[in-house]
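Asker: For reference, the chains in residue letters:
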Amino acid sequence: MTDRHGASPPHGTNGPTDVDGHEVRHEGTTLPTLPGGLHETTTSRTLWGDAWRRLRRNKLATAGLIWIALVVAMTITADLWVPPTFGDPLSVNTTPGANLQPPSLEHPFGTDKLGRDVFSRVVYGARVSLTVGLLAVSISLVIGLLMGALSGYYSGLLDAFVMRTADVFFAFPYILFAISLIAVLGPSYRNVFIAIGILGWPSIARVFRSSIFSVKENEYVDAARAMGASDMRIMFRHIMPNAIAPIIVYGTMSIGGAIITEAALSFLGMGVQPPTPSWGLMLSDAKSLMFAAPWLTIWPGFAILTTVLAFVLMGDGMRDALDVKMKD
Amino acid sequence: MFKYVVRRVFQMIPVFIGVTLILFILRAPGVLPGDPVRMITGERGMTDALRQQIIEKHGLDQPLHRQYVIYLGNLLQGDLGESYQRGRAVTEIFADKLPNTLRLALAAIVIEGIVGVTAGIISAVRQYSFLDVLVTLSTSILVSVPVFWLGMLFQIFFGIKLKEWTGGAFYLPISQMSSAQFPDWAHMILPAITLASVSTAYVARIMRSQMLEAMGQDYIRTAEAKGLTRRAVTFRHALKNALIPVVTFVGIDFGVMMGGAILTETVFSWPGVGREIFLAVGQRDWPIVMGGVVIIVFLVMIINLLVDLSYALLDPRIRYGGGPE
Amino acid sequence: MSALLEVRDLATQFTTRDGIVRAVDGVSFTLDCGETLAIVGESGSGKSVTALSIMRLIQEPQGKVVSGQVLFKGDDILKLSDSKVRAIRGDRIAMIFQDPMTSLNPVFRVGRQIGESLILHKGMSRKEAFERAVELLDMVGIPHPRDRARDYPHQFSGGMRQRAMIAMALACDPDILIADEPTTALDVTIQAQILELMIEMQERTGAAIIMITHDLGVVADMADDVMVMYAGKQVEYGKADGVFYTPRHPYTWGLLDSLPRHDIDEKGALLPITGQPPSLINVPAGCAFHPRCPYAKDVCTTGTPVLTDVGEGHLAACHFSNDPEFQRRASQHPGEVA
Numbered sequence: 000m001t002d003r004h005g006a007s008p009p010h011g012t013n014g015p016t017d018v019d020g021h022e023v024r025h026e027g028t029t030l031p032t033l034p035g036g037l038h039e040t041t042t043s044r045t046l047w048g049d050a051w052r053r054l055r056r057n058k059l060a061t062a063g064l065i066w067i068a069l070v071v072a073m074t075i076t077a078d079l080w081v082p083p084t085f086g087d088p089l090s091v092n093t094t095p096g097a098n099l100q101p102p103s104l105e106h107p108f109g110t111d112k113l114g115r116d117v118f119s120r121v122v123y124g125a126r127v128s129l130t131v132g133l134l135a136v137s138i139s140l141v142i143g144l145l146m147g148a149l150s151g152y153y154s155g156l157l158d159a160f161v162m163r164t165a166d167v168f169f170a171f172p173y174i175l176f177a178i179s180l181i182a183v184l185g186p187s188y189r190n191v192f193i194a195i196g197i198l199g200w201p202s203i204a205r206v207f208r209s210s211i212f213s214v215k216e217n218e219y220v221d222a223a224r225a226m227g228a229s230d231m232r233i234m235f236r237h238i239m240p241n242a243i244a245p246i247i248v249y250g251t252m253s254i255g256g257a258i259i260t261e262a263a264l265s266f267l268g269m270g271v272q273p274p275t276p277s278w279g280l281m282l283s284d285a286k287s288l289m290f291a292a293p294w295l296t297i298w299p300g301f302a303i304l305t306t307v308l309a310f311v312l313m314g315d316g317m318r319d320a321l322d323v324k325m326k327d
Numbered sequence: 000m001f002k003y004v005v006r007r008v009f010q011m012i013p014v015f016i017g018v019t020l021i022l023f024i025l026r027a028p029g030v031l032p033g034d035p036v037r038m039i040t041g042e043r044g045m046t047d048a049l050r051q052q053i054i055e056k057h058g059l060d061q062p063l064h065r066q067y068v069i070y071l072g073n074l075l076q077g078d079l080g081e082s083y084q085r086g087r088a089v090t091e092i093f094a095d096k097l098p099n100t101l102r103l104a105l106a107a108i109v110i111e112g113i114v115g116v117t118a119g120i121i122s123a124v125r126q127y128s129f130l131d132v133l134v135t136l137s138t139s140i141l142v143s144v145p146v147f148w149l150g151m152l153f154q155i156f157f158g159i160k161l162k163e164w165t166g167g168a169f170y171l172p173i174s175q176m177s178s179a180q181f182p183d184w185a186h187m188i189l190p191a192i193t194l195a196s197v198s199t200a201y202v203a204r205i206m207r208s209q210m211l212e213a214m215g216q217d218y219i220r221t222a223e224a225k226g227l228t229r230r231a232v233t234f235r236h237a238l239k240n241a242l243i244p245v246v247t248f249v250g251i252d253f254g255v256m257m258g259g260a261i262l263t264e265t266v267f268s269w270p271g272v273g274r275e276i277f278l279a280v281g282q283r284d285w286p287i288v289m290g291g292v293v294i295i296v297f298l299v300m301i302i303n304l305l306v307d308l309s310y311a312l313l314d315p316r317i318r319y320g321g322g323p324e
Numbered sequence: 000m001s002a003l004l005e006v007r008d009l010a011t012q013f014t015t016r017d018g019i020v021r022a023v024d025g026v027s028f029t030l031d032c033g034e035t036l037a038i039v040g041e042s043g044s045g046k047s048v049t050a051l052s053i054m055r056l057i058q059e060p061q062g063k064v065v066s067g068q069v070l071f072k073g074d075d076i077l078k079l080s081d082s083k084v085r086a087i088r089g090d091r092i093a094m095i096f097q098d099p100m101t102s103l104n105p106v107f108r109v110g111r112q113i114g115e116s117l118i119l120h121k122g123m124s125r126k127e128a129f130e131r132a133v134e135l136l137d138m139v140g141i142p143h144p145r146d147r148a149r150d151y152p153h154q155f156s157g158g159m160r161q162r163a164m165i166a167m168a169l170a171c172d173p174d175i176l177i178a179d180e181p182t183t184a185l186d187v188t189i190q191a192q193i194l195e196l197m198i199e200m201q202e203r204t205g206a207a208i209i210m211i212t213h214d215l216g217v218v219a220d221m222a223d224d225v226m227v228m229y230a231g232k233q234v235e236y237g238k239a240d241g242v243f244y245t246p247r248h249p250y251t252w253g254l255l256d257s258l259p260r261h262d263i264d265e266k267g268a269l270l271p272i273t274g275q276p277p278s279l280i281n282v283p284a285g286c287a288f289h290p291r292c293p294y295a296k297d298v299c300t301t302g303t304p305v306l307t308d309v310g311e312g313h314l315a316a317c318h319f320s321n322d323p324e325f326q327r328r329a330s331q332h333p334g335e336v337a
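Residue numbers (numbering that gives the first Met the number 0), protein chains in the order written: chain A, 0 to 327; chain B, 0 to 324; chain C, 0 to 337.
Isolated chain A, as found in the complex:
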């Protein structure tokens, strides 16, 4: 969905209406209900086992998983091998000839206008991207699950209020909303993931709410209630295990979305600030040198593409493996 697809995870629709033109209810986002009611622990163990096996059979999803694992491993170990071999991502070297070097053995991705090694910056950029992605989605999850739970479980006026608030969030042009929020909070590393996190909750809340609605209809929830289980207990013992699969799928895809949004915001100067190596920021610097030093454009973008793609493929694979139906 256009530029601001950044944050709309590839399978969500971020408008007030769904692809079918109906109000979004995501009625499909439920797992097949567990037979036999109250024995969900044993059933879910095989469910997850089956899902894992199906996921591994999916070549594209496996490739995505491997790529993510590789990127994570690279960023964790980066301090050990990147600076000694390729140079510090922050060390400036403006002596003529040292900057804007095209890719070479010494600098596989070349150097930027301040003479910094681009490969080193791309590797460290992954840290920023993954951190922002994970933290932003965590924030969205916390807010979204809370709102979705309130809305789905208690219904009524509270539900109406939460859902109308979500409508307002959906009505806002996404990237403009993010930019306005950042303008207020001030552009910084921390504020980027906070802003993306805040903006991500309505989709999660909707997915969770509809899961709750469909689980609530089931007899075993009535049975549990009849046996005097508390709201909290019903929520965690009976509703969460059933609602968790769509949330996981949605969350995985959202990480990819958050990474693109961070890059977009940093590209616009409303995100991570220099000299922190962020892929979006590197592309922003590359813009004026697009034609003189195309390698500055190519590699950070390629890094975004592959990492986001990995999350998309994994999300797709998990959706199929967990048999979560989302509107494609």
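Misleading hints may appear alongside valid ones.
Stated by the list, open to error - In the DSSO-like style, the derived pairs of lysine-lysine whose C-alpha atoms are separated by at most 27 Å in a straight line are:
no. : chain 1 : residue 1 : chain 2 : residue 2
1   : B       : Lys56     : B       : Lys96
2   : B       : Lys160    : A       : Lys112
3   : C       : Lys126    : B       : Lys239
4   : A       : Lys286    : A       : Lys112
5   : A       : Lys112    : B       : Lys162
6   : C       : Lys296    : C       : Lys72
7   : C       : Lys72     : C       : Lys121
8   : C       : Lys63     : C       : Lys78
9   : B       : Lys56     : A       : Lys286
10  : C       : Lys63     : C       : Lys83
11  : A       : Lys286    : B       : Lys96
12  : B       : Lys162    : A       : Lys286
13  : B       : Lys239    : C       : Lys121
14  : C       : Lys78     : C       : Lys121
15  : C       : Lys83     : C       : Lys121
16  : C       : Lys72     : C       : Lys83
In case anyone wonders, no lab produced these hints; they're calculated from the structure.
Dock chains B and C against chain A, hints included.
Answerer: Just chains B and C now, kept in the frame of chain A:
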């Protein structure tokens, strides 16, 4: 039908209030760093008299809730206020920018419609073929591409490299400046493709899955049992059903493009609505930000309403009565 | 005079992830002009696939007719070119499907859907086809046919949709009408109306009918011939009277026993057939019905029974079809033989 439209229009009101309220809270003093009056004059020294004049002109001396009510009142009369810095009415500024955004969005919609639908149909009709795998894989890649990067790559490749390789014989203009040897619309090609890229992938995906779903329906077997050709069954019976959600998506996407094209507009220096608002955020020119968002939200809601109404035309099962949904 | 339709040794298979499904395995029958053949069996017995195979509507490549002949007026449909088969479909052989809710295209007007085959096969203009569709709707008993022809399927009730389906199938005055469980999805009262309509239409148009059903009761009044299928195979085939009154296969007994009957004084309640129909991937060895057959003996687990004549063209595939003692005892006192 009429009742439905009225009801939908009334449903817009709370959303409007919510959106403007959020913006008002965001620009409230104490929330936003910096003195708005300073922003207006551009930080230079000013006399108290001038300062007072500006404050009064923009109603900044009023308490915030009062300002909000005044704003809503003006809004009802179609007055979105005046820019702090440009000395022009907000409506006037956007009257200039909106046609640019509309042109670009229309071009992008045409591209995503044609390319996305075609790719989706091919993919579905030849399920599991090489072409299907190609389409499926490229849609996954396309939804993962940062559009601004794609725009930059297009400029490097089509604008510069292609020109170098073909000795200037063939390339695409990357801005309106180079329009001497090109027709007027040529500079729109790259930004339009860039803007359309992600949506094209979505359209192809939706088209594929809808087409596959339609082709598995019982009425397809009925049509085949009548002796219709495979082609007639696919393109008459399945396509008409499968297109309904696609048309809806494209319609909604058109609305999204009204304000969501900031990145494409930035990369191609396209003077559109989104970019105007983005620049205004940087300058703390809140009347432009507020006005721009209000205009976009209004357009999006109108477009969504039209999409929903057209849905009733496409799908005979949908009838918008006045009753409950 | 040669038969209108002669099916010889038809076999259709589906390739699935779990193995090959032998959905239809060696089915043969004949149908004469104006006759009604009932194909009876539980779901999954291969009766619908038989019908689709005749129409050559099996979805390839998963499904495939692997052997046999379908001779329509002497031509083997399975060997005809695609365009020739399409010329037969909807024109000479038409089909009605089980669920009228989903078998009509929701986005086209009913009149247009009925007229579609007229435009295709009879070369009518849209206008002519519409006029004919109105007549057809009138013929199948839909009131205000001119208005209703302009309606969409969702504006029709279930029974009316099935009437529209019948009108659609009869549009080109076909020689054969294949009805695949045409009443299963309908209310009981509507079922009777639709059956009546089909009988009436047959009298009027002289079309032969292949009636596919899981419910022997449905076809008792209208069938000339009855073919009973089990696990993709024919287990009994013959004149309706023979199959109804002197059934020779334990499965047919089971089907008859599970019917509510009013003609004979019955002591016990309905006797459903126990167990599930077999998987068509791993069909039981010997007689496929033996695991559920109350009279099964050792030979039933090893030898595959062949379809044998039990008199006057009445065929049955049971090892004991021609054992008069077994037949007498078993049919009169079910449960005592085993």
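Asker: Now look at each hint and say whether the structure bears it out.
Answerer: Results of checking the hints against the structure:
For the hint pairing lysine 56 (chain B) with lysine 96 (chain B), the CA-to-CA distance comes to about 25 Å; that is within 27 Å, so the pair holds. For the proposed pair lysine 160 (chain B) and lysine 112 (chain A), the alpha carbon gap of about 21 Å is at most 27 Å, so the pair holds. Restraint check for lysine 126 (chain C) and lysine 239 (chain B): the C-alpha separation of about 22 Å stays at or below 27 Å, so the hint holds. Using a Cα cut-off of 27 Å, the hinted pair lysine 286 (chain A) and lysine 112 (chain A) holds, with the two alpha carbons roughly 12 Å apart.
Using a Cα cut-off of 27 Å, the hinted pair lysine 112 (chain A) and lysine 162 (chain B) holds, with the two alpha carbons roughly 25 Å apart. For the suggested pair lysine 296 (chain C) and lysine 72 (chain C), the alpha carbons sit about 43 Å apart, so the restraint of at most 27 Å is broken. With a C-alpha separation of about 20 Å, the suggested pair lysine 72 (chain C) and lysine 121 (chain C) falls inside the 27 Å cut-off, and the hint holds. At most 27 Å may separate the alpha-carbon atoms for a hinted pair to count; lysine 63 (chain C) and lysine 78 (chain C) meet this at roughly 13 Å.
At most 27 Å may separate the alpha-carbon atoms for a hinted pair to count; lysine 56 (chain B) and lysine 286 (chain A) exceed this at roughly 40 Å. Our distance criterion of 27 Å between C-alpha atoms is met by lysine 63 (chain C) and lysine 83 (chain C), whose separation comes to about 19 Å. Restraint check: the Cα-Cα separation between lysine 286 (chain A) and lysine 96 (chain B) comes to about 24 Å, which is no more than 27 Å; the hinted pair holds. Distance hint between lysine 162 (chain B) and lysine 286 (chain A) is fulfilled; the C-alpha atoms sit about 19 Å from each other, no more than 27 Å.
Only pairs whose Cα atoms come within 27 Å are accepted, and lysine 239 (chain B) paired with lysine 121 (chain C) is accepted, the gap being roughly 25 Å. Note on lysine 78 (chain C) and lysine 121 (chain C): the hinted pairing holds, with a Cα-Cα distance of about 24 Å set against a maximum of 27 Å. Between lysine 83 (chain C) and lysine 121 (chain C) the CA atoms are separated by roughly 15 Å; this keeps the pair inside 27 Å, and the hint holds. Simply put, lysine 72 (chain C) and lysine 83 (chain C) have alpha-carbon atoms about 13 Å apart, close enough for the 27 Å limit, and the pair holds.
The structure shown violates the earlier hints numbered 6 and 9.
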